[in-house]
Structure formats: structure tokens, C-alpha cells
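So the protein lines, in turn, are chains L and B.
If you count by our numbering, then the first sequence holds residues 1 to 427, one letter each, in order.
If you count by our numbering, then the second sequence holds residues 1001 to 1466, one letter each, in order.
To be clear, the hints were calculated from the coordinates, so they are not data collected in a lab.
Among these hints, one or two may not hold up.
Footprint (simulated), chain L over chain B, 3 or more residues, beta carbon under 8 Å [claimed, not checked]: (1) 1027-1039; (2) 1057-1064; (3) 1146-1159.
As the structure is a prediction and not an experimental result, all values here were calculated from the model.
The beta-carbon is built from N, C-alpha and C at its ideal position, and this holds for glycine as well.
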Amino acid sequence: MRIRSVLIVLALAAAAVVVPSLLPSANHDSYPDLSRIGVLPDTSGAITLFLGRVEADPNPINLTLLAQLELRRSRETGDIAELAKAESALEEALSQQPDYAPAVSTLASVYSVLHRFDEALTTARRAQDLNPRLGALVLVGDVLVATGDYQGAAAAYSEQAAASGSPGLAARLAYLDELAGKVEEAIAQMERATAAHLAAGGVGEEAAWFQVRLGDLNFSIGRLAEADRRYQAGLDLFPGYWSALAGRAKLSAAGGDLDRAIELYETAATAIPRPELMIALGDLYTIAGESELAADRYATVEVIAELAGGVYDRTLALYLAEHGKAGEALSLAETGLEVRRDVYGYDTLAWALYHLGRASEAREAMDKALALGTRDSQLLFHSGAISLALGDKVRAAADLAAALELNPAFHPLYSVEAAQMLAEAGR
Amino acid sequence: MRRMAAAVMIACGLVAIPAIGFAHPLGNFTTNQFLGVMVGPAGVEIDYVLDLAEIPAFQERRVIDTNDDDQVSQPEEEAYRQTACSELSGGIGVSFDEQSLVLTGTGTALSFPEGQAGLVTLRLECSYRVEGSGSSLQVENNNYAERIGWREIVAGSDGIAISSELPSTSVSARLTAYPKDLTAATLDVRSGVVLIGVGDGSVSPAVAVPATGTPMDALGSLISRGDLGTGAALLALAAAVALGAGHALAPGHGKTIMAAYLVGNRGTVQQALGLGLSVAVSHTVGVLALGLATVAATRSFRPERVYPYASVVSGLIVLAIGIGLMVRTIRRIRHQAAHRHGHHHDHDHGSREVSSGIGWKGLVALGLTGGLLPSASAVVLLLGAVNLGRVEFGLALVAAFGVGMATAMVAVGLGLVAATRFGIRKMSTATWLPRLTAVLPAAMGVVVTVIGMAMLLTAGRNLLGS
Chain L
1 MRIRSVLIVL ALAAAAVVVP SLLPSANHDS YPDLSRIGVL PDTSGAITLF LGRVEADPNP
61 INLTLLAQLE LRRSRETGDI AELAKAESAL EEALSQQPDY APAVSTLASV YSVLHRFDEA
121 LTTARRAQDL NPRLGALVLV GDVLVATGDY QGAAAAYSEQ AAASGSPGLA ARLAYLDELA
181 GKVEEAIAQM ERATAAHLAA GGVGEEAAWF QVRLGDLNFS IGRLAEADRR YQAGLDLFPG
241 YWSALAGRAK LSAAGGDLDR AIELYETAAT AIPRPELMIA LGDLYTIAGE SELAADRYAT
301 VEVIAELAGG VYDRTLALYL AEHGKAGEAL SLAETGLEVR RDVYGYDTLA WALYHLGRAS
361 EAREAMDKAL ALGTRDSQLL FHSGAISLAL GDKVRAAADL AAALELNPAF HPLYSVEAAQ
421 MLAEAGR
Chain B
1001 MRRMAAAVMI ACGLVAIPAI GFAHPLGNFT TNQFLGVMVG PAGVEIDYVL DLAEIPAFQE
1061 RRVIDTNDDD QVSQPEEEAY RQTACSELSG GIGVSFDEQS LVLTGTGTAL SFPEGQAGLV
1121 TLRLECSYRV EGSGSSLQVE NNNYAERIGW REIVAGSDGI AISSELPSTS VSARLTAYPK
1181 DLTAATLDVR SGVVLIGVGD GSVSPAVAVP ATGTPMDALG SLISRGDLGT GAALLALAAA
1241 VALGAGHALA PGHGKTIMAA YLVGNRGTVQ QALGLGLSVA VSHTVGVLAL GLATVAATRS
1301 FRPERVYPYA SVVSGLIVLA IGIGLMVRTI RRIRHQAAHR HGHHHDHDHG SREVSSGIGW
1361 KGLVALGLTG GLLPSASAVV LLLGAVNLGR VEFGLALVAA FGVGMATAMV AVGLGLVAAT
1421 RFGIRKMSTA TWLPRLTAVL PAAMGVVVTV IGMAMLLTAG RNLLGS
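With the sequences and hints as input, model every part of the structure.
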């Protein structure tokens, strides 16, 4: 009899372990979110398919699925112009059925990508209220991260994690770790998330995104071989993926192979001329002494950013600060900060102020950027440069050394400048 | 009548969607191309148009501006037109009966239509002539292959009969008026064939050929292909089998219950086979039901609302199986106890009652719970196929998906059966084994019951929560 009760207890324990795997989770066997799952992996083919379906029957489901596919394609190509169609489709779906939760949730994602954070937050919260099972709480958290409310984001994520975890959620928690300077933890968390995503059948751009994140994290602490392996895995999972190409270009530049770096960045920029790729090309051509080519690439930055309607303002502000337009950079940074009071918003402000010669204000802003303890070479380089301008050689040396210690070749231009400044601070 | 009114309202709703405010179908990064071929008795006239949206146009103008004075002068324009059209001719492939031919430039035109944000776009037109004739003309456009943009090819004839999959008129009016409504697909036509001297000269609408990728991609893209060869169809079916197997191995699908059931019953090979098959069959039926219900009643029917109810049914079945397992075991224990007390019955103590537990009915019910929740992937595949009028192929894919699931489930089941037998043989010297084997089915009954209750709870919570 005793054995029997022991066995029953064991069985109950076993049940406690296996039951969670049986429960319907947000990302399995619920109605498909085509922006995310690996079904119909050929996005263009799927879009053609659903365009026909919308034409035959423009009901909210078809319109929403089409919008999700457009969202997925914009993630794949890096082209935010794709989202105009998605937005129209969702507006149409919601005009037919205003409380159709999947459409509301997808619209929140679209707003978020377009950096319309106020609308994104309201819409994501509405989706969460309409149907908590859609996991729109993750979107709420994403917007809060983007706007610098890290505590709010952590709360939203952990509430979602309690309801149902997912590799995507784990990846977001890893980002919070990264911002808090816990890069090792972030990598470990991200590795688990990546493995889980692959095990659950993850494919395409989404699977490649996990690899590129791991590549970036490893690059940030100078683990170049591992970063290379991850970027390559990203390219294997999604051939031609622009951000994986950019990652490999970054690695080539760090390894001193300028030609290869330029070739890779050019390939990525041909597919999708994003401002950060153009800036990187301009920097590399500058180092290679090709000033005309550098000027050509730099010249596109402002045009691309202007046409994108504010999405690239932060990249643009940093670029302007370093290319003789610090005044414009400052006003962009200040405007940006009204919506997004996050780590990189304060960093952008600090860098604009520094280039305007307002070092003490820059110091103040930079301290806010570093308040979480973020260990990012570029942030530390900015911080060191500002301290040096203020004559605080001790702080400057510490920050610059930390930046170079994380990754001695964190940027083709900045790491060289950081080393020079470090030498200067040591004198 | 009411249905019709609703249909009219939907149609009007679609028309009312505001046109999208981009000058180009895919935004201001795009490189858009048009290729028109006009086939005559002695050769082909080629009309190639390149339309660069704001950003590529901005970059291209820096190339045109060879003296870097930020102005595009007449000579600079002239030089660019000639060079560009001659370079672009290399990317245009024209061949008669697989004999590739040389393009001769016959004219160029360049303009800079106004674009967004005070920027200009670039429109370059190049005309070429190809001398030659044949029975079949292949055209392809390999220019700017890796850029995002509209790619269109049209084919017409002058004085001869042709037949082609390529359309005879341009839906974008040679890249001057892109369709702006929501349902307009971005064309991506990179090649085409024109048959000469056959047919009545009628042409069918252009079919975009989706890019091919991994074997998994084949599944999604193949069903959207106009022409589907035997090889491609087999590939798609194989991909569906693989997808099904992968799906069965993902969490859920009652693998745990199956494990508990087979281990608890010391299940047989036949049972493992039966379980796998019933999962596959019930899954296929579930997908068909859900898919067809969606097609039949698209307006009011929301497939995602079915899931909570399906979950409730699954939970109830699992609960019933669990309780059934427990009851059977208790009965058997009592029965065996009776034997020990010396009451000899004259009935068969063969394996059937003892080892098959709740029997085939239970097996089928168990399989049902594994297959009752149709996979979203399979439903979407079916919808896609139905949408394209390729119903039979969609059904075949769903069936193949089911075969994949069954194979994976059977493999897991057989593994469990083998493991259970091996484990029992290993432990047969232990004195506590008879007690364990007597109690194991009961314990597994408890496991299954608890799982059923948990499934019901979750399903109920979801029903109330949504």
C-alpha cells in the first residue's frame, strides 16, 4: 500500500512536469500569426496567396493575415515602406470589426516598427484587454523598452512570462540584461531562447534574427569567432539577410579586412539602403582613403532618413553630430527624447552636446545614459571622450579602457580614436 | 438577400480604402523595371523602362554628375543614357529556340519626374532591336536582380500569331501608374516564354513565380505556382510529410498521454501503430473541417474561436480515458485478488483484457485528442490551396501532413513499447516488480486524469478569458 501511494505521488509529480507542455501556449496551435510563425516560409508567395484571398473575400481575418505577412516582409527586407499596405489592411479590418483582437495587436506591432510609440502603446494595451491570449503584453513591454520605461517593461514581460513563456519573450529579457550590463547573462539567456526557437521549428528571418542578436552580443564583448559563427548561422537560415551581412562586415572591419568589409556592406546596402549601412560604408571608404566614394555614401544618409519620416532620427542625429551639423543633431536628439527617454536617447543627446562643446551638459546626459550600468563600448567611448573634454582624465581613462577592453576593435574609427584619447588621458 | 447586401458592403469597403501615399509600389528604395517585347516576323522590338525611386535615383544622379558640380548637365545626361542603356542590355536575355541573340540599341530617353520630399525619381527608357525568328522566344530580365522592386514583362505581336503566359498589356502602364489598391500584388516577373505561330494569339494573365528556397519553402510557394510538374508536386508532398512529422514532435499532441497509456498498459506494437494512425486521421479530419468551415462561412466564422471549444472536448476525452484506465485497473486488481482467493473462473486470461486496457475504442479516442486541435500550419496551407482553386492538391498536402504526423507518432510509440519491454525484462529479477506492474496502470490512469483536468481548466480559462 505504501508503494502505491508513493507511486501516486510520483505520478502526480510527473504530471506536474508534463502538463505545462500540453497546455495551449500563445505560439502553438492558436490561430496563426503569420508575421511570426514559420508556416508558409516563402513570404512573397504567401503574400500573393493572401492578396488573392483578400480580393475574393476582404474579411477581417484575411486582411489581418495579409497585414501580418507584410509586416514579416518588412522585417526580412528591412524596408519600412512595406508597412503602409499593412496599416491600410488593418484599418480596413478594424473598420469592419473594431474589436478584432489579432488586427489590433498587429496594428500595435506596425506602429511600433514605425516608431509611433504613443499609438503603439495604446493599441497594444487595447489588444491585451481584448484577448490576453494573443500575448500583446510583450508588445506593451517592447514599447516601454523603446521609450525608456525599463521597470514597466520588465513588469509587462514578467506578467506575460507567468501566463506563457516563449523564445521571443526570453530574447526580450536578454535585452534587458544586456542594458543592465549583464552581457554574460544576456548571452546565456539568448542561447537558450535561440535553441528553444529552433527546436520549436523556427525558420527564416525570425530564426536568423536570433542568431544575429547572439552575434552582436558576442561581438560586443570581443568574442569574434563566436560572433562570426552566429552571423554565418543567420545567413544560412536566411540567405542574404541584411543584418547578418552587416554583422559579418563589422567583423571583417574589426579584423582589418577593409575590402571584404566594404564588399559585404555594399551587398547589404544594395538590398536595403539603410542609413546605418551607408554611414558604415562612408567610414570604411574614409579609412581606405577613397574620399569620393565616402562622400557618395555619406550623402545618402540624410536623404534616406528624411524619407523614412523619423524612424532613423537617432542614427541620423549621431551622424549629424559627427559631420559638422551638431546643432541639427541636438534638436533631433531633444525631440526624440520627448518620446523616448531611454539609454540611447540620452547617449544621442550627450554626443550632440559634446560636439557643440557643451561638455558638462553632455556629462549629465551621459550619466543618465549609463544609469543602468550598460556595458557598451560605444557608450563608454562617448563617456570617456566627454570626461576628457572636461579634464577628468581619471574617469576618461577608466571609461576608454573599459570600452577597449570589451572589444579592442569595436568600431573601425571609434576604437582608434578611443586608443588615442586613452593615451592622451594617461599623460 | 441579406448575404448579398453584406457582400456588396464588403466590396464597397474595399474600394473605400485610401490609396497608399507612396509614389512607388514598394516605397522609395525601389528599383522598378518594365520589359516589353513586341514580336514581329523578322525580329523583336524591346522596350525597357527603368524607374528608380527617390533613394536609388539620388545615388544614380551622383553617378550621372561626373564633374561633381551637383548639376546634371545635358552632356552628362547624354553620356549616361548611352552608357546605361548599353550596360543594361547585358542583363536582358533574348533567345530564339535557346539561341541567345544580341540586342542593338535603337533609342534612349531620360527624365527625372518629381518625387517625395523635394527629391526626384529617375526614368530611363531604352529601346533595342533583335534580329531573328524561331518557334519559341525566351525573354529574361536579370538587371538589378537583388534589389527590391516591381518587375514586369509583357509580350505582344505585330503581324504574327503568338501564345504566351505573359500578359499583352502593362498593368502599370509602363511604370507610370502603379496599381494602388490593397489587393495589388507587387509583380516580380523575371522571365517568360512566347510561342510563335501557335494558338490564337490569346494571352493569359501573368503569374508571379515565387522565389525558391529551402525544401520547406516549396510547400508554401509550390501551391501558389501556376504550373506544377510531377517532380515539384512530389517535393511539396515530401515537404508536407516532413512538416507533419516536425509538427507531431513539437510540444502537445498528447505524446505524454500516449506515453503514459502505452507504458501503463505495457502496450503492444499494434497499439502504437493504431495510436499513430488515429492521430493522423483525426488531425486530417479536423483540418478539413476547420478549413472548409472557414471557406464556407468566412464572414462570421472565426477559426480561433473554435480552439477553446476543441480544447474542452480534448480535455473531456483525456479525462474519460484517465478515469477509464483507473477503473479498469482497479477491476483487474480486484479480479486478481479474487484469483488469489481460489475462485477459478473459466475464462481467458490472455493478454487482451489485461494488456489492452480500455481497448481499441480508447485508442481511437486518445488519437482523437492528439489530432483534434488542427495545426494552424495545415489550415493555412489548405486555405491557400482552396483560394487558388487547387483544392485537390491542398487536400493531398493535408493528407501528406497527416502521414508525417502518423509516422512520427508511431515511431515515438514503438520506441516507448520497446523501452517498456526492455525495462521490464531488466527488472524481472526484482521482487517488487509484480506489485509495480500491477500498480503502474493505475498510476498512469492518475497521470492521464490529471492531464485531462489541467487541459479542461486551461480550456475553460481561455474560453472565459477571450
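Results of checking the hints against the structure:
Chain L is given as covering the region 1027-1039 of chain B, and this holds because 4 residues of the stretch bring a CB closer than 8 Å to a CB of that chain, at least three being needed. A count of 3 residues in the region 1057-1064 of chain B with a Cβ less than 8 Å from any Cβ of chain L is obtained; the coverage claim is therefore met, three being the minimum. Counting residues of the region 1146-1159 of chain B whose CB lies closer than 8 Å to any CB of chain L gives 3, so the stated coverage by that chain holds, three being the minimum.
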